[in-house]
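Novice: Residues per chain are reported as follows:
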Amino acid sequence: MSNVRQISVFVDNKPDQAAGAMRIIKESGINLRALSLADTADFGIIRLIANDTEKTVDILRAASYAVNVTEVLAISIPDSPGQLSRVLDVLGNDNVNVEYMYSFLGTSDRAVSFVIRVDDNAQASEALNRAGIIQLTENDIAEM
Amino acid sequence: MEKYWNKEIECASREEMKKLQDERLVVQVKHVYENVKYYRDLMDEKGVKPEDIKGTEDLHKLPFLSKADLREAYPYGLLAKPLSDCVRIHSTSGTTGKRVVAFYTQNDVDMWEDCCARAITAAGGTNEDVVQVAYGYGLFTGGMGLHGGSHKVGCLTLPMSSGNTERQIQFMRDLNATILCCTPSYAAYLGETVRDMGLTPDDLNLKAGIFGAEPWTEEMRRSIEQSLGIKAYDIFGLTESSGPGVAFECSEQSGMHINEDNFIPEIIDPETGEVLPEGEVGELVFTSITKEAFPLLRYRTRDLCRLSRKKCSCGRTLIKMAKPMGRSDDMMIIRGVNVFPSQIETVLIEQGYSPNYLIEVDRVNNTDTLDINVEMNPDKFSDKVKDIQKEERALAGAMKDMLGINPKVHLVSPKSIARSEGKAVRVIDKRKLHD
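Protein chains in written order, with the working numbering: chain A, 355 to 498; chain B, 3 to 437.
Don't read these hints as lab results, they were simulated from the structure.
Fair warning: this is a prediction, and the values are worked out from it, not measured in the lab.
Don't take every hint at face value.
Unchecked claim - Listed next, the in silico DSS-like pairs over lysine-lysine satisfying Cα-Cα at most 27 Å (straight line): (1) B/K382 with A/K368; (2) B/K5 with B/K32; (3) B/K388 with A/K368; (4) B/K410 with A/K368; (5) B/K417 with A/K409.
Please work from the sequences and hints to get the whole structure.
Specialist: Here it is, written out as structure tokens:
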């Protein structure tokens with residue numbers, strides 16, 4: 355299993371809300387490896403992967419943010435047409451439901467990385483393995 | 003074993019109490035008629051003379067006083083003693099924008115503090131206790147009232163006033179406070195802060211809390227009791243009558259005993275002014291029968307509640323008033339339906355949310371809208387948008403079951419709704435801007 359811990363933060367859909375959370379993270383010297391923001395008319399959810407999950411969670415909770423940690427999958431695929439579609443086919447054929455996904459920067463300019471949130475990590479991980487798709491560990495991401 | 007501050011009064015038979023009330027009422031009506039022109043005019047207008055009032059059964063003949071009268075007579079119009087006999091002034095918080103000032107002679111202060119001493123004793127207080135008074139001190143009656151009552155009982159009194167929450171908790175721990183007095187919303191905030199500081203109720207020495215000055219629900223009581231590890235007692239009062247201590251709760255926690263040797267309660271139909279039979283819900287009216295400087299007769303409190311003479315397990319015979327459903331001022335009429343903030347609070351606590359909320363009422367295209375901002379419970383937070391939206395819909399559904407109308411619920415960040423150190427502001431009614 356190579357699940358990666360993702361931190362989600364609840365923010366109001368108001369000016370400076372997301373910036374406030376980012377400021378706290380910046381001041382603590384934590385490095386963010388991946389980030390996406392889902393927003394609705396009322397609220398937003400910042401999803402991120404940091405090089406130090408415990409510390410990030412602690413400082414955000416101390417600042418009264420609602421925070422939760424979920425395990426997600428991270429993959430690295432070649433930067434060429436049709437690759438993402440192939441990943442989704444692999445998961446779809448195995449009846450894995452993708453809740454959301456987002457891309458993030460890797461170290462190679464010939465590969466792209468994605469965070470994938472699915473309803474069944476074990477099943478998805480196995481399907482990806484069978485298809486020879488590279489999965490990243492939390493360590494891999496921290497060292498990027 | 004139940005302890006009383008003044009057993010003779012608190013456990014008097016109905017006959018003894020009525021006799022005392024009759025005597026005091028007759029004297030008081032005469033005192034007011036002779037010294038308060040404003041009220042004399044109201045009595046004359048109604049054709050009532052002091053000699054028409056022979057006992058409590060004649061109370062209904064007297065004219066009412068309302069908040070509007072108090073504003074009109076501001077500041078000295080209802081004063082019944084020369085200022086040289088008065089020793090103190092208090093004022094209402096002006097939450098509804100209308101300030102009222104009340105005057106006290108030394109006897110008035112003594113009577114009021116005696117009422118507070120009864121409340122502290124009923125909450126288990128003795129001279130062994132350390133009472134932390136975290137009500138605001140100053141014009142507001144909360145701080146000075148419980149402070150004086152605490153002195154009377156002989157408790158070691160910590161006059162903290164409100165605010166500076168971490169220091170409150172530090173003193174509470176270092177000096178082993180056993181009884182906390184403040185508004186229920188501040189008690190809830192203190193409980194929340196205790197938890198945030200990584201402490202548990204076991205780190206505190208508190209055993210009881212006496213909370214009042216704003217309406218609160220049974221659910222909020224249980225939540226405060228858990229967070230601070232105490233038994234929480236309600237206390238009721240109003241500046242117009244003296245301050246906290248007009249009525250207080252005993253160990254039974256099923257309504258507040260009214261200090262009827264000083265205040266005679268009535269329940270009236272708020273529309274017609276008719277006195278309602280015991281047990282019916284209506285507007286609470288008080289007649290002060292011992293106050294000297296500011297003796298209000300038949301003052302309409304705008305609090306909606308019911309009275310009960312059912313026998314109480316604590317042994318007190320003083321009549322009990324149910325927890326007010328809220329001031330008639332707090333009641334909102336939204337799409338023709340009566341809504342109290344306390345109903346919303348009940349739903350929130352039942353559903354596992356903090357009782358910090360903000361209600362916004364507005365009118366869009368001639369239809370009332372009700373929006374309720376609720377702080378996200380971090381334990382219920384999910385990384386999926388649809389889960390949070392589902393939670394908002396579930397809360398709105400529970401609100402609709404309670405209120406009969408459909409609100410919009412918005413989850414907002416924890417701690418983003420301002421905490422109150424005194425009386426909480428829960429409602430913003432923007433409809434008034436359009437009128």
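Novice: Would you mind marking each hint as holding or not holding in the structure?
Specialist: Against the structure, the hints come out as follows:
1. B/K382 with A/K368: 21 Å, holds
2. B/K5 with B/K32: 36 Å, violated
3. B/K388 with A/K368: At roughly 20 Å apart (the allowed maximum being 27 Å), A/K368 and B/K388 satisfy the hint.
4. B/K410 with A/K368: 18 Å, holds
5. B/K417 with A/K409: 21 Å, holds
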